[in-house]
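Participant: Just so you know, the sequences run in chain order A and B.
Just so you know, we're using UniProt numbering here: the first sequence kicks off at 1 and counts up by one.
Just so you know, we're using UniProt numbering here: the second sequence kicks off at 1 and counts up by one.
In short, the hints are calculated from the structure, not lab data.
One thing to keep in mind: the hints can contain errors.
Note that the list lumps identical chains together, so a pair holds whenever it fits in one copy or between two copies.
Distance condition first, Cα-Cα at most 25 Å in a straight line; then the derived SDA-like pairs of lysine to any residue [said to hold, decoys possible]:
| hint | residue 1 | residue 2 |
| --- | --- | --- |
| 1 | K106 | R10 |
| 2 | K435 | D252 |
| 3 | K106 | R281 |
| 4 | K447 | R348 |
| 5 | K109 | E226 |
| 6 | K121 | A66 |
| 7 | K106 | R12 |
| 8 | K480 | G262 |
| 9 | K480 | Q321 |
| 10 | K447 | D345 |
| 11 | K109 | R12 |
| 12 | K447 | G164 |
| 13 | K109 | R281 |
| 14 | K121 | E485 |
| 15 | K343 | E211 |
| 16 | K488 | Y356 |
| 17 | K435 | G387 |
| 18 | K106 | T6 |
| 19 | K488 | R87 |
| 20 | K435 | Y339 |
| 21 | K195 | V148 |
| 22 | K343 | I407 |
| 23 | K435 | K480 |
2 protein chains.
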Amino acid sequence: MTAYDTLQNRFRRLHALNEAAGVLHWDMSTMMPSGGAQARTEQLAVLSVTSHELLVDPQMRDLFEAAEQESGLQQDTWRQANLREMRRRWRHATALDADLVEATMKACKSCEMIWREARPKGDFAAVLPALGEVLKLSREAATAKAEVFDCSMYDALLDQYEPGGSSETIDDIFDDLAEFLPHLLSDVLDWQSQKPEPLALEGPFPLDAQEALAREMMQAVGFNFEHGRLDVSLHPFCGGVPDDVRITTRYDSDDFMKALMGVLHETGHALYERGLPQDWRLQPVGEARGMAVHESQSLLIEMQACRSAEFMAFAAPLARQAFGTEGAAWTPENLLAVYNQVKPDFIRVDADEVTYPAHVILRYRLEKALIEDEMPLAELPEAWNEGLGELLGITPPDDSLGCLQDIHWFDGAWGYFPTYTLGAMAAAQLFAAAKAAEPDIPADIAKGDFSRLMAWLGTNVHAKGSLLTTDELLEQATGKSLDVEIFKGYLANRYLN
Amino acid sequence: MTAYDTLQNRFRRLHALNEAAGVLHWDMSTMMPSGGAQARTEQLAVLSVTSHELLVDPQMRDLFEAAEQESGLQQDTWRQANLREMRRRWRHATALDADLVEATMKACKSCEMIWREARPKGDFAAVLPALGEVLKLSREAATAKAEVFDCSMYDALLDQYEPGGSSETIDDIFDDLAEFLPHLLSDVLDWQSQKPEPLALEGPFPLDAQEALAREMMQAVGFNFEHGRLDVSLHPFCGGVPDDVRITTRYDSDDFMKALMGVLHETGHALYERGLPQDWRLQPVGEARGMAVHESQSLLIEMQACRSAEFMAFAAPLARQAFGTEGAAWTPENLLAVYNQVKPDFIRVDADEVTYPAHVILRYRLEKALIEDEMPLAELPEAWNEGLGELLGITPPDDSLGCLQDIHWFDGAWGYFPTYTLGAMAAAQLFAAAKAAEPDIPADIAKGDFSRLMAWLGTNVHAKGSLLTTDELLEQATGKSLDVEIFKGYLANRYLN
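Could you put the whole structure together from the sequences, leaning on the hints where they help?
Facilitator: Here you go:
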């Protein structure tokens with residue numbers, strides 16, 4: 001057996017263990033009774049340690065060195081890319097010593113628990129020491145990884161979520177957006193105020209009718225229930241494995257749009273997973289490219305394809321039928337108006353498409369400053385409020401609506417935030433390219449037929465797995481790398497029309 | 001760290017991996033869409049290989065030897081028993097070389113597939129070669145394990161399911177029963193024919209009403225839904241882990257008794273798991289004692305406690321309410337008569353309490369003869385039909401109702417069958433002892449109060465884990481080892497009264 005084949009076998013096992021953990025996580029969020037928590041924590045910890053030990057096995061270095069020398073590999077782009085992705089995972093795993101990993105896990109767990117108490121009270125001071133510990137350990141990890149990857153501390157963390165991502169590029173993009181968005185927002189609010197208020201949709205909307213409608217929409221988009229499930233969880237997510245991809249939602253009896261749009265979002269994630277290259281299941285190169293591309297697929301379905309006049313023409317009659325209702329509020333035009341409303345607010349997860357990037361830019365700038373040690377952590381609340389004021393013109397009344405709102409930092413996920421907006425931009429760019437290549441896509445969507453769109457995404461995005469870098473993928477699919485002008489044009493066009 | 005502590009850590013990890021596999025199995029039977037099968041097979045195979053490698057690690061022998069010498073262990077009965085159970089698992093795992101394990105897995109998988117085709121056609125000849133291969137490999141395993149455990153080939157296989165079980169003892173018990181049961185059956189059929197036919201229960205019984213009733217009964221028996229679930233699967237089972245124990249059933253809209261009694265049976269298994277010693281979670285000594293004791297707990301609840309006049313007095317009004325029905329068929333007396341009917345039939349899983357042991361004795365005698373090479377496999381159908389005629393006075397019209405009906409042998413589970421009847425006997429013996437110790441148990445059950453019974457079982461069976469051998473457990477709980485006279489007396493008393 002060649003060194004490369006040995007590596008493939010090891011990563012196959014590693015991946016299957018991670019898949020097992022994924023199913024256990026899904027079960028924990030959807031099925032597990034509360035009394036199962038302790039046993040589950042232990043099962044997941046053992047799977048995680050077992051995977052980690054496989055990855056940092058001292059033989060791995062020799063295997064990588066031998067594989068690099070093996071003939072034929074340079075000519076085989078998939079194997080070559082697989083080796084690159086294996087090595088990236090291995091370098092991330094070996095960069096940190098076991099003590100730091102364990103200390104970080106404990107600090108995050110403890111900080112997250114304190115945060116859960118502190119958030120509703122808006123008590124940043126209460127969580128400051130614990131968050132300080134998490135930040136300190138995250139900076140240690142960043143230092144270690146920066147050395148291994150020969151990059152900045154922030155970029156070393158970003159690479160965990162967005163392989164090859166660069167804060168230099170992000171700075172340029174986000175500075176441009178931060179300049180543009182406040183003007184756009186002001187114009188959109190002006191323009192919106194001149195239109196009649198959309199008519200309210202009167203509930204309650206029975207949960208079983210919401211679920212049936214959601215399933216109908218999922219199938220229209222292309223979700224195959226022989227290869228996946230829809231369930232309920234407190235925080236919606238897309239889990240499972242590519243051939244058994246499991247999405248969740250949460251229903252609100254007063255607002256069916258929330259769950260429906262959430263389901264369409266997760267369906268976008270799910271179809272990406274489903275469409276990953278069949279020949280490379282259980283190998284690193286067969287995985288999704290990164291968080292930005294993943295988010296581009298969910299936002300392409302939710303924001304680009306389904307928050308459109310065409311989709312509403314298809315969906316409105318089905319929604320009327322599902323809830324046995326009718327009237328002026330249920331026209332496609334009114335439904336579209338209802339859920340394209342723009343309104344600056346304090347909470348990221350409730351934000352609309354125009355204000356969402358401001359939330360992300362703020363967090364990105366702050367986390368970068370904290371990781372690069374350019375700002376004391378104690379100043380975070382003040383810097384947050386100031387930044388939000390500049391970007392959205394509003395100031396949180398307290399930290400529960402400010403810097404305490406998201407779990408990410410308190411759970412040690414530094415370097416994640418920018419992928420949300422990079423994904424939104426990529427979604428706009430990919431959807432424009434898809435329509436340019438297949439001009440019938442909008443008319444198809446008006447008929448509830450997503451097959452042409454999904455075929456284009458399948459070929460140009462899903463089936464690529466991690467063969468290409470994110471930049472290469474976008475260049476091959478759309479003719480250019482991530483372009484801020486496309487996103488700006490898209491927002492202006494949608495929200496000023 | 002002592003060698004013993006190192007072993008405990010290793011077995012803790014091993015157990016957590018097995019628990020993870022258990023959750024994946026549960027999910028596969030209840031939640032997984034068909035398209036997830038291939039990925040799931042891979043996940044389970046990797047978990048299995050990973051566990052096996054941990055167990056057969058060459059360091060284990062030294063650890064066991066060192067642990068045996070460590071001071072203090074002899075005085076600590078739980079740790080001593082834990083070490084004994086660790087060693088038993090390790091000896092089973094190391095007895096077989098990897099090639100035999102792999103060949104057996106493949107042969108079983110292939111044989112099971114052929115059997116699925118052959119069974120409905122009653123085509124024993126079609127599966128004979130594949131079954132021959134499975135038997136050959138099972139005999140090889142039996143030979144290897146017999147050497148390690150210094151026992152007969154059959155006992156080496158039996159030990160996998162019933163630790164310390166002995167075919168010499170089973171021969172004595174089963175010969176006695178085989179002598180007694182045909183007479184009892186004839187008497188019961190006579191006696192039954194002199195009574196009026198029970199009134200039929202007219203369906204259909206809506207599945208949601210059946211489920212609600214099943215949940216009510218589970219809670220009455222003591223099932224805590226914060227530590228478990230009830231779901232649907234094709235083949236009912238009890239899975240999950242002790243603090244998150246998951247039972248399944250299958251509803252038949254024409255016959256609510258089937259699912260209800262099935263649920264009570266699985267609840268007995270579940271409460272055993274739940275009651276295992278809390279201090280020994282994830283250690284071998286904290287596991288259930290074996291299949292016979294496990295089956296004793298399910299049959300104690302289903303057959304001893306719930307197939308009784310007392311339970312029917314409690315259950316009849318709830319059943320009437322659940323299905324919104326009444327009438328003479330729904331009296332406790334008639335319900336009891338309906339589900340205590342005795343009738344010889346070809347299929348084991350549908351058999352009543354009086355004829356069930358005959359099915360088990362037949363299979364035990366045949367599998368022992370085959371493993372000990374005392375009968376050619378080709379003669380199995382003839383020997384089966386002859387044996388069933390002797391024990392039950394009926395002859396299967398074809399092999400689909402005969403030797404092809406059960407999956408066990410075709411899937412490589414040789415040595416399992418006797419545990420069903422050993423469990424039924426232990427159930428009768430334990431229930432008699434419980435009532436002797438706590439005479440109010442029957443009156444409690446008539447009120448739907450199982451707490452006194454469960455407390456007795458908790459102390460005398462559940463909390464013992466694998467501290468004692470099955471014999472010791474029965475002796476301590478009931479004052480004697482497994483006693484065939486108690487079972488005979490119980491059957492005669494219940495079915496001739």
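Participant: It remains to establish, for every hint, whether it holds in the given structure.
Facilitator: Going down the list of hints, with the structure as the test:
For a Cα distance limit of 25 Å, the shortest separation of K106 from R10 across copies, 22 Å, qualifies, whereas the shortest one inside one copy, 28 Å, does not. Taking the shortest alpha-carbon separations for K435 and D252, neither the intra-copy value of 34 Å nor the inter-copy value of 51 Å comes in at or below 25 Å. For the homomeric pair K106 and R281, the shortest alpha-carbon distance between copies (23 Å) is at most 25 Å, but the shortest distance inside one copy (33 Å) is not. Within a single copy, K447 and R348 get their C-alpha atoms no closer than 32 Å, and across copies no closer than 55 Å, so neither meets the 25 Å cut-off.
In this assembly of identical chains, K109 and E226 lie within 25 Å of each other by CA distance solely across copies; the values are 23 Å between and 36 Å within a copy. Taking CA atoms no more than 25 Å apart as the test, K121 paired with A66 passes in neither setting, with 56 Å inside one copy and 55 Å between copies. With identical chains, the CA atoms of K106 and R12 are at most 25 Å apart between copies only, with a shortest distance of 20 Å across copies and 29 Å within one. For the identical chains of this complex, K480 and G262 are neighbours neither inside a copy (30 Å) nor across copies (63 Å), given an alpha-carbon limit of 25 Å.
In the homo-oligomer, the alpha carbons of K480 and Q321 never lie at most 25 Å apart, since the shortest distance is 43 Å inside one protomer and 69 Å across protomers. When the C-alpha separation of K447 and D345 is checked against a cutoff of 25 Å, the pair qualifies neither within a copy, at 34 Å, nor between copies, at 58 Å. Taking the shortest Cα distances, K109 and R12 sit within 25 Å of each other only across copies (22 Å), while inside one copy they are farther apart (29 Å). For the homomeric pair K447 and G164, neither the shortest alpha-carbon distance inside one copy (39 Å) nor that between copies (68 Å) is at most 25 Å.
With identical chains, the CA atoms of K109 and R281 are at most 25 Å apart between copies only, with a shortest distance of 23 Å across copies and 32 Å within one. In this assembly of identical chains, the alpha carbons of K121 and E485 never lie at most 25 Å apart, being 41 Å within a copy and 69 Å across copies at closest. In this homomeric assembly, K343 and E211 never come within 25 Å of each other (Cα to Cα): the closest approach is 28 Å inside a single copy and 47 Å across copies. Taking CA atoms no more than 25 Å apart as the test, K488 paired with Y356 passes inside one copy only; the shortest distance there is 13 Å, against 75 Å between copies.
In this homomeric assembly, K435 and G387 never come within 25 Å of each other (Cα to Cα): the closest approach is 36 Å inside a single copy and 73 Å across copies. In this assembly of identical chains, the alpha carbons of K106 and T6 lie at most 25 Å apart only when taken from different copies (23 Å versus 34 Å within one copy). Taking CA atoms no more than 25 Å apart as the test, K488 paired with R87 passes in neither setting, with 37 Å inside one copy and 68 Å between copies. Proximity of K435 to Y339 under the C-alpha cut-off of 25 Å is restricted to the intra-copy arrangement: shortest distance 23 Å within a copy versus 66 Å between copies.
When the C-alpha separation of K195 and V148 is checked against a cutoff of 25 Å, the pair qualifies neither within a copy, at 55 Å, nor between copies, at 85 Å. For the homomeric pair K343 and I407, the shortest alpha-carbon distance inside one copy (23 Å) is at most 25 Å, but the shortest distance between copies (63 Å) is not. Taking the shortest alpha-carbon separations for K435 and K480, only the intra-copy value of 16 Å comes in at or below 25 Å, while the best inter-copy value is 81 Å.
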